[in-house]
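*Asks:* Quick mapping for you: the protein sequence lines, in order, are chains V and L. Residue numbering for the first sequence follows this note's numbering, beginning at 1 and increasing consecutively. Residue numbering for the second sequence follows this note's numbering, beginning at 1 and increasing consecutively.
Don't read these hints as lab results, they were simulated from the structure. Some hints could be false.
Said to hold, decoys possible - Interface residues of chain V toward chain L, partial, derived using beta-carbon atoms under 8 Å:
1. F53
2. N70
3. A73
4. Y74
5. H90
6. R147
7. K154
8. N475
Note that CB positions come from ideal geometry on N, CA and C, so glycine has one too.
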Amino acid sequence: MKPLIQFKNIVKEFDGQIVLKGINLDIYENEFVTLLGPSGCGKTTLLRILGGFLDQTQGEVYFDGQEITNVPAYRREVNTVFQKYALFPHMDVFDNVAFGLKIKKISKDIIEQKVNRMLKLVNLEEYAHRDVKEMSGGQQQRVAIARALVNEPKVLLLDEPLGALDLKLRKEMQKELKRIQQEVGITFIFVTHDQEEALTMSDKIVVMKEGEIQQVGTPTDIYNEPVNEYVANFIGESNIIEGVMLKDYQVMFEDKKFECVDFGFKENEKVDVVIRPEDLDIVPKSKGKLKGIVKSVLFKGVHYEIVVETRPGTSITVTMDVKDDKPVVNESAKELMSANNFNLDIEDVKELTDAEIIARADAQAWSSETDELISIVKVSHDIQPHKGTYPVTFTTAAGTSCTVNMIVKDQNRVESKEYAEEIFAEDFFKKVDEIQDSVALETDLKIWANAQAWDLDEDIPVEITTVDYDFDPENITPGQYQVTFKTTGYEYKVHTTDYAEVDTMVGLSFNPEDIHIMSKETFS
Amino acid sequence: MKKFARMAYPYAIWAIVMIVLPMLMILFYAFSTQGNDVVQVRLTLDNFIYFLTEPVLLKVLATSFKIALITTVICVLIGYPAAYFMAKLGNKYQNLMMLLITLPTWINMLVRTYAWLGMLQSGGLFDTVLGYLGIGPKQMIGTEGAVIFVMVYNFLPFMILQIYSQLIKMDTSYLEAAADLGADRVQSFWRVTFPLSLPGVISGITLVFLPAASTFQISQLIGQGSVQLIGNVIENYFLTTGDWNKGSAISLIMAVIIIISMYLTKKADKESAGKRRAV
């Protein structure tokens with residue numbers, strides 16, 4: 001079959017920024033094609049090039065075998081349903097729909113016939129003489145579709161037409177659009193960022209990212225066999241696990257070997273393993289291919305969404321020493337001052353500066369009258385590069401001073417390594433009121449403890465997702481407290497009708513064909 | 001809410017003192033005879049009857065409206081294309097154009113009119129240029145043409161800015177939709193751009209027609225007595241003859257005529273919008 005529309009190596013540049021990086025795409029007659037991608041991926045730009053509202057920087061567009069770059073928008077055999085409909089506000093429904101026909105100077109009775117037939121198709125025959133400004137979003141949408149279709153285009157372009165509608169109306173219009181497309185039997189090119197919309201409506205989905213096509217295929221193809229992690233994530237919820245392809249039909253992840261149906265990868269190639277939540281089953285732990293602890297159970301109407309953790313995240317616990325010191329008061333100078341004890345690594349002693357000491361001790365001086373901060377002019381200490389406790393004194397110009405201890409340790413940092421992930425944090429000192437005044441305590445705790453986690457393989461930071469502590473921040477009293485920082489481990493989302501109790505150990509089972517192997521993204 | 005309402009009191013008082021009271025005084029003068037004092041008031045319709053039975057005054061009234069009308073039409077014909085191309089320009093040039101158009105209005109209108117007097121009078125700049133071209137010398141001061149010319153000069157910015165602001169806020173997606181539906185540039189102008197810009201044209205007409213119908217400085221300076229407009233008549237009654245009663249009556253008549261003509265314009269606009277819908 002000959003394609004109706006051919007994009008050949010389309011490049012589009014806006015002010016030196018490349019929005020489309022060489023798009024090649026064939027679209028056939030009677031297809032419902034969806035351009036799917038997040039905002040800024042170039043999908044609307046591609047549509048506008050086809051509509052004739054933008055010129056490509058490079059490349060050709062063929063329509064029915066003809067190169068159409070120099071054909072102006074008003075002579076192209078495509079019609080568009082615009083994102084915000086762009087209905088003419090000075091015309092009623094009938095005149096909006098009749099616009100294209102009037103331009104073509106078609107006789108009045110035929111215009112009336114065609115417009116009325118079209119209004120019937122979109123279920124608006126009662127509304128012919130309504131003011132478009134008084135119509136609901138869904139109705140305006142139908143008018144826009146009728147206005148475009150009445151011209152009998154070979155291709156209808158729809159630019160995120162359902163974006164402004166609420167969820168219920170959107171579902172209705174999705175069905176409606178599909179029905180209309182089947183009824184009129186022309187090509188629809190539909191732009192959206194909503195993967196569900198794309199999956200339910202399309203014959204063919206084109207997944208785009210940053211001006212490039214990632215994958216073209218039927219909804220089932222794209223859902224079941226995404227070519228990379230990006231497509232898999234974008235097209236729907238998925239479990240994506242790192243693995244190694246040992247040989248054809250055999251993959252290893254979570255330190256276990258599994259049979260699969262994929263082949264053609266290099267030996268020991270690092271891959272992403274995709275398993276759809278609905279392909280996983282919860283079984284007794286002895287029968288599972290993987291086992292883990294149930295972290296959460298959510299009822300989703302028909303099924304449960306169960307999160308099973310097969311491998312805990314890396315965690316670390318540090319001690320927070322809470323003091324109840326009051327600020328030092330200098331009555332005559334009307335100044336207040338406060339500072340905390342702090343820990344220090346031996347290796348950091350050499351490079352210690354006054355500014356660093358002030359920051360570490362969180363030393364502050366302020367006026368008792370205006371609350372304004374006053375600078376600390378002098379930091380005196382006698383620190384040695386040996387373990388021990390050293391006093392340090394902060395002084396302002398007015399002579400207010402305050403002394404705290406620097407505790408020099410061999411290695412203050414506590415590290416924890418597991419599964420090629422490292423987490424570290426430091427013991428720290430705080431005051432009661434600092435904890436009570438904190439508005440984002442978990443974030444503050446991370447900062448105070450200098451908590452960080454790293455992926456050792458890829459040398460990238462890993463998010464600390466959980467901060468646990470054993471105190472009540474509102475009513476904290478002086479003393480020592482434990483604070484634990486944790487990363488997320490390996491979690492599997494399971495969609496199943498079986499129920500499982502939280503915190504129980506369960507097994508996960510799946511079939512070889514449920515494993516989808518994707519090569520690691522080579523672009524980005 | 002009550003607190004906020006109270007904040008409007010000073011403005012209400014201001015409005016009463018500066019707007020409502022003078023209007024009431026005009027009303028009072030128009031319906032009373034000359035030489036009244038506080039104790040004795042004689043009401044009369046004589047002032048109106050005098051105006052309506054005096055052919056000279058009626059002719060002046062007709063001339064005023066004729067000149068105002070011609071001025072307005074010329075302003076639309078020049079102002080619309082100017083506003084249209086301004087709206088098409090890039091942002092940078094739009095601001096420059098805006099500045100150029102509003103710049104003359106920073107200078108007092110009287111001063112600008114005096115400047116034109118100098119340029120248009122015998123031996124002035126225009127006369128000399130026309131002389132070199134072999135068309136002159138020509139008497140320009142004192143003709144209706146010169147009065148209309150200076151009026152157009154003075155009032156054109158109002159027309160341009162009204163139409164421009166209407167055009168600039170028009171969503172470009174309407175034009176894309178028109179092109180998408182097969183309309184070329186000319187067709188989309190007449191079917192989409194122009195109808196959508198009509199509110200700007202209407203308010204432009206209001207802003208030009210009103211002052212053009214009631215001005216007296218321009219006709220006095222450029223008309224040099226041979227072009228008498230109703231504004232000059234009113235001015236004469238108030239300042240020269242001191243007959244405030246007749247002056248007030250004519251002012252009232254003018255106000256009524258203007259209100260009626262504005263009402264008709266608005267109505268015509270609405271009807272044409274309705275008719276466009278009904279076709």
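*Asks:* Hint by hint, note whether the structure agrees.
*Replies:* Results for each hint:
1. This hint holds: F53/V has a C-beta 6 Å from the nearest C-beta of chain L, less than the 8 Å allowed.
2. A hinted interface residue such as N70/V counts as satisfied when its beta carbon comes closer than 8 Å to some beta carbon of chain L; here the least separation is about 15 Å, so the hint is violated.
3. Residue-level restraint check for A73/V holds (minimum Cβ-Cβ distance to chain L is 4 Å; threshold 8 Å).
4. Below 8 Å, beta-carbon pairs count as interface contacts, and Y74/V has one with chain L at about 5 Å; its hint therefore holds.
5. Contact between H90/V and chain L, as hinted, is supported at the beta carbon level, the nearest pair being about 5 Å apart and thus within 8 Å.
6. Checking R147/V against chain L by beta carbon gives a least distance of about 7 Å; that is within 8 Å, so the hint holds.
7. Given the 8 Å rule on beta carbons, the hint for K154/V is violated: about 14 Å separates it from the nearest Cβ of chain L.
8. Interface hint status for N475/V: violated, as the beta-carbon distance to the closest one in chain L is roughly 42 Å, over 8 Å.
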